[in-house]
Amino acid sequence: MDTERLKVLYLPKSDHTELAFTPYWWRRLCRSAEVVEWNHAVPCTSENVAERIGDVDVLVTAWGSPRLTDELLQKATKLRLIAHAAGSVKFMLSQDAVQRVLIPRGIRVFSGNGAIALNVAEATVGMMIMGARRWIDHALAYRERGVWRDPALPLNGQYLLGATVGLVSCSTVAREVIRLLRPFRTRILVYDPFLPLQEARRMRLKPVDLETLFRESHIVSVHTPLLPETVALIWGEHLRLLRENSVLVNTSRGKVIDHDALLEEARTGRFVAVLDVTDPEPLPPDHPLRHLPNVIILPHIAGAGFYGYHRIGELLVRAVEATAKGQPFEGEVPLERYEQIA
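Each residue of the sequence shown is one higher than the one before, counting from 258 in this note's numbering.
These aren't lab readings, by the way, just hints derived from the structure by calculation. Be careful, since some hints might not be right.
Said to hold, decoys possible - Mimicking DSBU-like on lysine-lysine, the simulated pairs with C-alpha atoms at most 35 Å apart in a straight line are:
#, residue 1, residue 2
1, Lys463, Lys332
2, Lys270, Lys512
3, Lys512, Lys347
Computed from a predicted structure; not experimentally measured.
Use the sequences and the hints to build the structure in full.
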């Protein structure tokens, strides 16, 4: 029996299509479904999308797509799948909409979070190594001051191999980090109130409280989703526990770390902080964190990379095809746990 050919309303612009899809996966999407691309001469607003969505089975969104309002969802009478060709869907879909509309109507949601997580995890491990080995400091000492093997910088230490690594939250990114860390023979601690003990044991993790994690880890990596209860989750009490020459990496959200406390503790020079995210973003030019030698701030680029971005397109196409067949697919957002996810 022939597979049903779904009608897809595709909102992303062409530059995002090139980012998320290889030519093969774009052609496959167009073969598998009836794809109607949004005419961007018309503003892509919630109101305008609502007028076009009545006979649509799949709505494809991305960064910059409008919020999925009550009016829009009410008019989407045939909608079966919201396929987000980017990361978090939280900016588009409220918890209320999920509970009142999506779950009762069986509308499924795909997110490219898992694909982007591959890039973020790679960057995270790179930041761990870079921070522990102080490569930027050594490079700047040689380039800016002509100092070869600066005696003020450590030339030996506990780097990633054999280190105790503490992960704050066992998120999708953290799970990929765990996989990448295996060859480094690390001992991995994890703080995650939602992680079942049996699952932690299966992944060979040691669940601990935050204080123990900060006290015992050579490297702390933050992967906590930004929720009301995780704002300033990490504050002075935890940062004061960081070991001498330890590394703090944050690739999640800036607001998870209390920046006043971070500044106070970073000024001691006791640890290296590698931050891909800050609060606010970017930090003002005169913010003291921007001028501390042991704080490395990157412009929120951990998620970048051809591999993970192209994986978004592949998984999205597979999700559309699986929806037509009534089958499960990788990247489905667990709507029953919507409040807990990033």
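Going down the list of hints, with the structure as the test:
For a cut-off of 35 Å, the pair hint linking Lys463 to Lys332 is broken: about 48 Å separates their Cα positions. Taken as a hint, the Lys270 and Lys512 pair is honoured in the structure, with Cα atoms around 30 Å apart against an allowance of 35 Å. For the hint linking Lys512 to Lys347, the alpha-carbon distance of about 16 Å falls within 35 Å, and the restraint holds.
Comparing the model with each earlier hint shows a violation of hint 1 alone; every other hint is respected.
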